[in-house]
Amino acid sequence: MSEIASLITKVRERQPLIHNITNNVVTNFTANGLLSLGVSPVMANAREEAADMASVADALVLNIGTLTTPQVEAMISAGKAANEKGIPVVFDPVGAGATPFRNKTALHILEQVNVSLIRGNAGEIAYLAGADAKVKGVDSSFQGNNQEIAIKAARQLGTAVVLTGEEDVITNGDSLYLGKNGHQLQTRVTGAGCLLSSVIAAFLTVKETELKAAAGAVSFYGAAAEIAADSSKGPGSFQTAFLDTIYHLNEKELQGKIKLSYFNHLGV
Amino acid sequence: MSEIASLITKVRERQPLIHNITNNVVTNFTANGLLSLGVSPVMANAREEAADMASVADALVLNIGTLTTPQVEAMISAGKAANEKGIPVVFDPVGAGATPFRNKTALHILEQVNVSLIRGNAGEIAYLAGADAKVKGVDSSFQGNNQEIAIKAARQLGTAVVLTGEEDVITNGDSLYLGKNGHQLQTRVTGAGCLLSSVIAAFLTVKETELKAAAGAVSFYGAAAEIAADSSKGPGSFQTAFLDTIYHLNEKELQGKIKLSYFNHLGV
Amino acid sequence: MSEIASLITKVRERQPLIHNITNNVVTNFTANGLLSLGVSPVMANAREEAADMASVADALVLNIGTLTTPQVEAMISAGKAANEKGIPVVFDPVGAGATPFRNKTALHILEQVNVSLIRGNAGEIAYLAGADAKVKGVDSSFQGNNQEIAIKAARQLGTAVVLTGEEDVITNGDSLYLGKNGHQLQTRVTGAGCLLSSVIAAFLTVKETELKAAAGAVSFYGAAAEIAADSSKGPGSFQTAFLDTIYHLNEKELQGKIKLSYFNHLGV
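Protein chains in written order, with numbering that gives the first Met the number 0: chain A, 0 to 267; chain B, 0 to 267; chain C, 0 to 267.
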């Protein structure tokens with residue numbers, strides 16, 4: 000796991016500029032999380048400049064948490080500029096499966112933009128994979144199921160997939176990491192998933208395989224949550240300690256904390 | 000007060016989904032406050048999906064803090080869907096009385112949507128009640144006056160009213176609770192009133208009378224503020240401790256802290 | 000420096016209402032920072048009411064961090080109302096120089112609105128001054144250069160200029176303060192510059208010269224950051240401690256901490 004742990008050092012050395020077009024609930028937390036990590040956030044979401052901003056960024060994050068029609072246009076414009084430049088695009092399909100507008104938009108973005116990685120919970124990934132409707136909106140379906148859904152989505156959509164939950168599934172459809180870092184208090188802080196999508200985008204800029212980069216980001220993030228929870232009294236102090244830990248946690252300390260299992264040649 | 004205190008347990012058991020269409024200053028704090036309480040926030044505010052989201056929620060909060068024309072349309076669309084489904088709708092008329100646009104919008108929402116409860120400060124409630132213009136914008140008018148204004152608004156608009164200030168007035172026009180929980184530091188945190196509106200919405204889902212549910216929410220919230228202030232050095236640490244306390248404060252601890260007086264058959 | 004230090008007392012006594020039309024990343028932090036300071040924030044950003052709200056405010060802040068076309072219209076409408084009323088207008092040209100849309104908008108606002116003071120980093124101020132393109136986007140150009148750029152911008156645009164960086168330059172083109180308060184952790188909190196723009200606006204309401212008022216705001220803010228950093232473990236706890244310190248730091252404690260140098264009659 001020392002190779003995985005070393006990615007945090009590479010991310011901090013590279014200091015990438017991450018362009019986030021995200022929901023209005025989590026903009027502040029996302030920007031502060033990226034600044035704590037040591038990378039640069041930019042949040043431009045107007046149609047008039049989204050493509051220009053993506054063109055100077057090192058990675059792009061598209062998050063449909065509080066989507067509106069003008070913002071979706073900005074996402075597609077930025078996504079196309081990112082594709083042209085060849086930088087990674089992370090898609091966070093917040094609430095896919097919940098309303099027809101979200102469903103239509105999520106599929107439209109996937110059609111128009113070449114996405115490198117999708118991060119979502121079980122319900123969102125299941126919706127995108129066209130899985131059995133019973134899975135929709137469910138956060139805690141059993142592990143085997145989550146792995147199957149993530150693999151199905153990755154193969155069908157031709158992207159890497161990170162399905163987060165009690166256990167995190169990171170797959171490109173052929174190989175798979177299972178991650179067990181993290182803490183229950185993450186579910187009590189809004190945008191904990193959204194910030195992870197942006198942290199993954201930062202890790203994707205260090206020229207590793209998407210799978211390793213995502214595994215590095217997910218492990219780093221979950222380990223930081225565990226450390227932060229140790230000195231927290233609840234969701235308020237956890238949020239504060241989490242930003243502090245993202246700032247401090249280094250390769251050496253991370254190395255002993257990573258809980259990842261790797262499976263390759265998954266078969267068809 | 001043991002019946003009032005027991006509501007917090009019922010809210011946490013029910014885990015309602017609260018749909019908030021609220022201002023862009025407080026979205027993050029509102030979502031984090033609800034997550035700390037143990038309930039689920041959702042913030043969808045696009046016209047294209049507001050009604051669909053309200054239809055799967057357990058309560059709806061409409062807050063005009065940073066209203067725009069498209070957002071008002073989303074509020075009315077969601078409000079009508081909530082009315083059709085029969086779930087509680089809380090209205091927070093932020094800044095009513097301050098600009099013609101806000102005044103027109105507040106009255107338009109009250110015309111189009113059947114609101115269960117209105118929460119505001121003295122100036123906002125006075126504006127809605129059509130009270131003497133001198134009261135407009137005043138936060139700290141004398142107690143008797145605040146009670147009269149709240150009763151007048153409740154009778155005129157046919158809803159429950161929570162008028163918050165140094166003393167909180169909770170009335171349906173016939174009966175009234177006076178609440179004395181709370182702390183001055185709440186006035187130094189933006190969205191302290193807005194989050195209370197959403198917490199009241201959560202309490203309204205437990206099938207109590209609106210008056211009791213609102214009294215329970217207001218007492219819980221004020222008691223949490225008092226406990227949080229005890230370990231705070233200022234508005235920053237208060238905000239952190241407040242979220243922690245909302246997470247921890249249980250029925251048993253709450254019971255000894257509630258400061259409520261009840262008055263019924265107020266007469267006309 | 001006792002005269003400069005006394006301004007914080009005057010700001011708190013005056014309790015001005017600061018109207019902010021700002022970006023959606025920093026609305027919450029800006030409002031909480033102003034509340035901690037002891038002044039009143041209002042964030043109305045709809046075209047329909049921006050002018051009405053500016054007309055009842057004591058100062059206006061225009062920040063283009065996440066600008067959209069409707070918001071720019073609201074800014075100009077509010078700016079004209081502020082000019083008519085004669086209240087200070089602070090302009091924060093976030094990201095000027097980064098995209099054509101931002102550049103065009105920044106210049107358009109400066110054409111349409113009579114701005115009292117511009118606060119930005121070296122790259123933003125350089126762009127507005129039409130300085131050598133090499134300076135664009137650079138935050139840490141050498142001191143002499145930053146002073147020249149700030150003076151050039153102030154003379155060319157006919158406004159006071161605050162150029163923030165490791166050393167802060169405050170000038171009206173004729174006289175100049177150099178400020179050395181502040182802490183590196185400010186660069187790890189999103190909106191640290193944006194909130195400073197709003198704090199400067201609050202100081203501009205106490206009827207001092209723009210230069211002295213801005214020097215007072217910048218010193219107060221930087222000193223608060225130094226105190227907060229002393230008890231912080233990282234960007235999360237720094238943010239909390241910073242709000243607490245803004246709330247507590249008084250004239251007397253501030254006096255011994257101000258690091259300002261003054262230069263007048265700069266010549267042409």
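For the record, the hints were derived by calculation from the structure and aren't laboratory data.
Be careful, since some hints might not be right.
If several chains are the same, the list does not tell them apart, and a pair holds so long as it fits within one copy or across any two.
Keeping only pairs whose Cα atoms sit at most 25 angstroms apart, straight-line, the calculated DSS-like set for lysine-lysine is [to be verified]: (1) LYS103 to LYS251; (2) LYS251 to LYS79; (3) LYS232 to LYS9; (4) LYS103 to LYS79; (5) LYS232 to LYS256; (6) LYS211 to LYS232; (7) LYS79 to LYS232; (8) LYS258 to LYS103; (9) LYS179 to LYS103; (10) LYS251 to LYS151.
Taking the hints in turn, this is what the structure says about them:
Taking the shortest Cα distances, LYS103 and LYS251 never come within 25 angstroms of each other, neither inside one copy (44 angstroms) nor across copies (47 angstroms). For the identical chains of this complex, LYS251 and LYS79 are neighbours neither inside a copy (38 angstroms) nor across copies (56 angstroms), given an alpha-carbon limit of 25 angstroms. In this assembly of identical chains, the alpha carbons of LYS232 and LYS9 lie at most 25 angstroms apart only when taken from different copies (23 angstroms versus 32 angstroms within one copy). In this assembly of identical chains, the alpha carbons of LYS103 and LYS79 lie at most 25 angstroms apart whether taken from the same copy (18 angstroms) or from different copies (23 angstroms).
Taking the shortest alpha-carbon separations for LYS232 and LYS256, both the intra-copy value of 22 angstroms and the inter-copy value of 21 angstroms come in at or below 25 angstroms. Neither within a single protomer nor between protomers do LYS211 and LYS232 lie at most 25 angstroms apart by alpha-carbon distance, with minima of 33 angstroms and 30 angstroms respectively. When the C-alpha separation of LYS79 and LYS232 is checked against a cutoff of 25 angstroms, the pair qualifies neither within a copy, at 44 angstroms, nor between copies, at 40 angstroms. Taking identical chains as interchangeable, the C-alpha atoms of LYS258 and LYS103 are never at most 25 angstroms apart, the minima being 36 angstroms within one chain and 50 angstroms between chains.
For the identical chains of this complex, LYS179 and LYS103 are neighbours neither inside a copy (32 angstroms) nor across copies (49 angstroms), given an alpha-carbon limit of 25 angstroms. Taking the shortest alpha-carbon separations for LYS251 and LYS151, neither the intra-copy value of 35 angstroms nor the inter-copy value of 48 angstroms comes in at or below 25 angstroms.
Hint violations for this structure: numbers 1, 2, 6, 7, 8, 9, 10, all remaining hints satisfied.
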